[in-house]
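Same order as they appear, the protein sequences are chains H and U.
So in our numbering the end of the first sequence lands on 197, straight run, no missing numbers.
So in our numbering the end of the second sequence lands on 1394, straight run, no missing numbers.
Everything labelled a hint here was simulated from the structure, so no lab data went into it.
Treat each hint with caution, since some may be false.
[As the list claims (entries may be wrong)] Restraint ranges, calculated between C-beta atoms of paired labels, are given here:
| id | chain 1 | residue 1 | chain 2 | residue 2 | range |
| --- | --- | --- | --- | --- | --- |
| 1 | U | Gly1358 | H | Pro60 | 42 to 50 Å |
| 2 | U | Thr1342 | H | Ser43 | 20 to 28 Å |
| 3 | H | Val131 | U | Arg1078 | 31 to 39 Å |
| 4 | H | Ser59 | U | Trp1323 | 15 to 23 Å |
| 5 | U | Glu1067 | H | Val58 | 49 to 57 Å |
| 6 | U | Asp1114 | H | Ala134 | 50 to 58 Å |
| 7 | H | Leu172 | U | Pro1147 | 51 to 59 Å |
| 8 | U | Ala1175 | H | Leu56 | 50 to 58 Å |
| 9 | H | Leu56 | U | Gln1344 | 43 to 51 Å |
| 10 | U | Asp1059 | H | Asp116 | 56 to 64 Å |
| 11 | U | Trp1323 | H | Asp186 | 27 to 35 Å |
| 12 | H | Ser43 | U | Gln1344 | 17 to 25 Å |
| 13 | U | Gln1058 | H | Val131 | 36 to 44 Å |
[Claimed, not checked] Part of the chain U face toward chain H, derived, beta carbon under 7 Å:
| id | residue |
| --- | --- |
| 14 | Ser1198 |
| 15 | Pro1203 |
| 16 | Asp1247 |
| 17 | Glu1292 |
| 18 | Leu1294 |
| 19 | Ser1295 |
| 20 | Leu1296 |
| 21 | Ser1317 |
| 22 | Ser1334 |
| 23 | Ala1345 |
| 24 | Val1346 |
| 25 | Ala1348 |
| 26 | Leu1350 |
| 27 | His1352 |
| 28 | Asp1356 |
| 29 | Trp1360 |
Just so you know, even glycine gets a beta-carbon here, dropped at the ideal spot from N, CA and C.
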Amino acid sequence: MRSRRSRGAALAMLLGAMAAVVPGCSSHRQGNVTFHDPNMDFSLIRSVAVLPFSNLTVSPKAEDRVREVFMTMLQATGATYVIPPGEVARGISRSALSNPVTPTTEDIVRLAKNLDADVVVTGSVLEYGEVRSATTTANVITLNVQMMEGQTGKVIWTGASTKGGIDASKRLFGGGGEPMNDVTADAVNDLLHRLFE
Amino acid sequence: MSVLFAAALAVVSAAAAMQDPAVPPAPPEVIAVLPAENLSGAEAPMDAIQAALRVALQDRGLELLPEENLAGFMNRQRLRYVGGLATEMGRALRAETGAMAVLVSSVDLFEQDDPPRFALTARLVTTGEEPRIAWMDSAAATGDEKPGFLGLGHIADVGILEGRVVETLADSLAASLSTAPPAAIETEDVPRRYRPRSLYRAPADTPQAAPETTAADAAAAETPVTAPPPAGEPAPRRVAVLPFANDSTAKNAGDLVTLEMVRQARLVPGVEVIEPGVVREALLRAHLIQEEGLSLPQADLVRLLLEADLVLFGDVSLYVEAWAGEPEPEVDFSARVLSTRTRQAVCAALSHARGDDGAWFFGLRRVPTARLLTARLARGFVAGCLDPAQEERP
């Protein structure tokens, strides 16, 4: 009788320990850092110029891919008009931006005037590609986006999102992660959801 | 004196060139078969494929321009680009050889190793005042697509696939010349997995009504390939498909997606796709280089040079053919349509699919090659972006 009780207690302790440890193992990061300028009326935004993103990863062309997904999904919301990337490239050239991925306030104002854009978006890809933990691999993306008002160059919205990666269930039970395309779309969707909320 | 002699020689040689007995005028309805372009990224027996295509067409009663005549024309005109037909070249070809149309073809996929794979795309372009696409089709085959019981249907010889694909295309061309044009694209046919993952489409860009044409105008027009629309009916929207940028690791992936977009866009009712050779000629003449897509002044230029209502362009980010190390093909591209009239993007989409998307047990419904996957994705894009019927659907 005593042994059965002690076995039950041991099982309960084991389950309790697992419950405490499993969340600690999780590396599923939900980056939900967002800033909204309370004085900005986002419904007035009619046209958006999305500048080339900076790439802080080792994956070549990751910034182009993520920017393309961001532009198309933003346009697909139907809430605003996204200026075509070729026209943005021409605007960058005409505005003589020395570094379009990290423009100054003056650069933003000049570019927005040239392109007739209400706001300008910049972004950085911080993580893009496969992560590995023991035998488990999965795709992960971390994306950081800022929106600046065209007239003043002031930051009116920022958002960061991390999607994918290896979570506790993948670590315990194995299985690959989502394809890179789906992870990218998830992250952009998350950002757009927070932009329009 | 020597100057006079040189001038006389030039006049005589010019006259001789005009009446060259070695180049007899071909009878009407003759088709010139241009050498096939190799877009497969692999070594392929292009001469053998070309010969097989010629034989298949001749077997169906089509009259072809003799190879020597075409080679002579290509030498005289210094014609090296065989991926399309430029306006000037079309006029010269008709004037010098009498060929009424040109067959432009490309080998899109060639793999000898087991399982072999082969894909061919071809289009018939009329010569004359403005080259127009009269027919276009594509066919692909793989050795393992129908293995059957105990793998008895497995094909290990790429030559057998070549024969099948060439016969399929020759049948399609012969049928198009003898019967009605192919049925218009049915957007309901596009399965959900091949529709764009993300799609923006602007409200309908209403086509302009066709101007009334007089009898004199009609007489002045040189044998139009397609009958002009009746007065009052909307004129077809002219679509220029610009070469897609290739950010993938696959060679010629941009060209393959561009060709497929041309083929699919042709099937949309009320759309006239400009021959890619004409588009290329205009881009070269205007020194138009797309940096990250088309800018608005460039769109204006395209409208001016090609009279295009819509410009379709994009970027291929992933094009993976199924090889030994990569079991499933995968294609990913983004595309945009810009209206030259409104100077605005009227459509933007992201398309992505893998060969095993939606596949059932034993690989049922699996798409075996990236070439076929591209065709389905392009159909999904075109149906979503260009088909007016799609606009009315909820």
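Unsatisfied constraints (hint numbers, rising) = 1, 3, 6, 7, 9, 13, 15, 24, 28, 29
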